[in-house]
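Engineer: Next come the chains, spelled out residue by residue.
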Amino acid sequence: MKTKLNDITEVIRSKNAGPYELTFDIMFRDYDGFERVCKAGVINEQLVCDIFKVQREDIIGIVEFHPAKAMKITIKRPIPSGNLGETDVYGAQQHAPLLGLEFDL
Amino acid sequence: MREEFRILSTTAILGYGFPMAAFEEGMKRNPHLIAVDGGSTDPGPYYLGAGVSFTDRGAVKRDLEIMIKAGLERRTPVIVGTAGGSGGRPHLEWCREIVQEISRENSLSLRLALIHSELDKDMLRQELAAGNITPLSPAPELTAKELDATSRVVAQMGVEPFIAALDHAPDVILAGRAYDPTCFAALAIKQGYDPALSLHLGKILECAAICATPGSGSDCIFGYIGEDYFRLEPLSPVRKCTTLSVAAHTLYEKTNPYILPGPGGHLDLHGCKFEQETENTVRVSGTKFVPANPYTVKLEGAKRIGYRTVSIAGTRDPVMIGGIDEIIEGVKARVADNFAGKLGSYHLRFNIYGRDGVMAGMEPTPTTQDCHELGIIIEATGDTQKEADTVCAFARSTMLHYGYEGRRSTAGNLAFPYSPSDFHAGEVYEFSVYHLLKVEDPAALFPIDIIEL
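Protein chains in written order, with this note's numbering: chain E, 1 to 105; chain D, 1 to 453.
Calculated from the structure, these hints are not laboratory results.
Given the structure is predicted, the values throughout are model-derived calculations rather than measurements.
Possibly wrong hints are sitting among the right ones.
[What the hints assert, rightly or not] Here are the computed lysine-lysine pairs in the DSSO-like style, where the Cα-Cα straight-line distance is at most 30 Å:
hint, chain 1, residue 1, chain 2, residue 2
1, E, Lys53, D, Lys332
2, D, Lys190, D, Lys288
3, D, Lys438, E, Lys76
4, D, Lys121, E, Lys76
5, D, Lys240, E, Lys4
6, D, Lys303, D, Lys342
My request is simple: use the sequences and hints to build the entire structure.
Structural biologist: Okay, structure coming up:
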């Protein structure tokens with residue numbers, strides 16, 4: 001059965017981590033959902049490459065943070081914040097591709 | 001056992017405001033320190049480069065006036081980190097004027113300490129040549145040329161300059177660019193409280209009530225540092241600090257929540273325990289500080305790359321929407337041809353809202369298939385404002401009357417919400433320095449002025 005990421009999380013957000021990085025936080029509703037997603041390994045480099053159209057070398061880290069039942073994805077910003085071509089100076093509206101994810105857990 | 005060190009953090013960024021009731025609740029707890037973070041790089045490179053605050057003067061004055069009056073009454077120091085938003089010389093000066101105005105208008109005598117953080121470029125050239133400046137990945141290597149082009153460089157201070165300033169017993173400290181936790185942590189560290197716990201608490205206090213639930217960037221929060229723990233308490237009855245809300249805040253704007261690098265070392269949170277103490281307070285323990293050798297500080301710099309003019313428009317025509325890519329290419333070609341050899345290098349961009357205006361190259365569905373209208377921002381950046389105006393105006397008029405394939409609406413292609421249709425966005429900056437500088441003495445880079453008001 002497919003589980004929607006939206007249904008098992010409280011927070012899905014994006015933000016700059018300094019002007020050169022973009023970071024995504026996925027905070028789960030409970031430890032059960034957090035651990036099922038971690039164990040299944042479904043939030044991985046391939047997924048990040050696919051949904052954000054980035055290269056593997058642009059992924060800085062995918063971290064499981066147990067104290068907050070959260071996963072964190074950090075990638076290199078497509079361009080540094082505010083450079084010509086910028087569309088989101090704060091990086092606060094880049095999270096949408098995570099909202100529609102569904103997994104077999 | 002000595003008493004807990006008590007800190008009132010008033011708001012997430014000086015000028016974001018706070019409810020008086022929460023502030024008074026904080027003052028009832030008799031804080032040893034009233035502190036606030038004043039800045040961020042989030043609003044982008046313009047503010048650092050241009051020497052302008054991204055916060056509003058009136059709002060900053062309102063917050064500071066309340067804090068300074070209460071601080072003087074109780075002989076409690078007030079410390080502002082990253083004054084004026086970016087911590088450069090003009091930012092610090094801007095904030096100093098506000099404090100002077102508050103002192104004058106309220107007939108308050110006070111001792112003000114200013115800690116400078118803008119660095120001299122000649123000194124930086126020498127440091128660069130000596131190999132003491134390294135990029136903070138993923139920023140590129142710094143070159144002498146890039147440094148020359150940079151308008152302003154600030155360094156993020158650690159706690160050491162604050163501790164040096166506190167030796168002068170100031171009533172108010174305005175610091176230039178400071179690592180966010182330091183304005184909260186320095187006095188506690190000076191008094192012998194654990195540096196790791198003090199900095200970790202500062203890391204949470206710097207965003208004030210964002211660490212509570214419901215979170216708020218414009219409400220106070222209170223921190224207590226004990227021998228081997230710290231505690232957080234919200235000051236508005238609607239909020240609670242929960243283990244989740246506090247731990248979650250540890251993720252905010254960080255690359256890795258377990259390792260938090262700063263001047264002179266990093267905080268290691270692997271052994272951290274977050275415990276619910278009462279219904280609305282959280283106790284944290286187990287944070288470690290791992291010193292770095294050599295000591296490094298982060299440099300931030302921005303350079304001016306030109307001037308910008310923008311025009312805002314929309315289209316509701318399905319034929320135009322279907323052909324938008326060809327139309328944009330056609331308009332760009334017309335601009336290039338019309339001014340061939342007449343203009344310097346310019347950048348012309350059409351940002352299309354409704355298609356990929358927010359996510360650009362990362363947009364998973366960059367299509368206009370189901371769009372009934374598009375928002376269009378025409379953006380021209382040139383070497384001078386005049387050139388930016390020329391490119392923007394010409395691109396706008398060309399797009400307005402562009403004869404595309406299948407066109408029915410021959411009276412005009414664009415809906416403009418405003419007259420005038422074009423706006424000066426002024427100077428355009430980019431981040432050009434985001435590097436680490438090795439330092440021998442972590443206080444020496446940051447000179448202190450003591451001013452009696």
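Engineer: Does the alpha-carbon distance linking lysine 303 (chain D) and lysine 342 (chain D) stay inside the 30 Å limit?
Structural biologist: holds (25 Å)
Engineer: Between lysine 438 (chain D) and lysine 76 (chain E), does the CA-CA distance stay at or below 30 Å?
Structural biologist: holds (24 Å)
Engineer: Decide if the proposed pair is consistent with the structure: lysine 190 (chain D) and lysine 288 (chain D), CA atoms, cutoff 30 Å inclusive.
Structural biologist: holds (18 Å)
Engineer: Do the alpha carbons of lysine 53 (chain E) and lysine 332 (chain D) lie within 30 Å of each other, as the hint requires?
Structural biologist: With Cα atoms ~27 Å apart, lysine 53 (chain E) and lysine 332 (chain D) stay inside 30 Å; holds.
Engineer: Between lysine 121 (chain D) and lysine 76 (chain E), is the straight-line Cα distance small enough, at 30 Å or below?
Structural biologist: holds (28 Å)
Engineer: Would you mind confirming whether the straight-line C-alpha gap from lysine 240 (chain D) to lysine 4 (chain E) stays at or under 30 Å?
Structural biologist: Between lysine 240 (chain D) and lysine 4 (chain E) the Cα gap is close to 29 Å, so the pair holds against 30 Å.
In summary, this structure violates none of the numbered hints.
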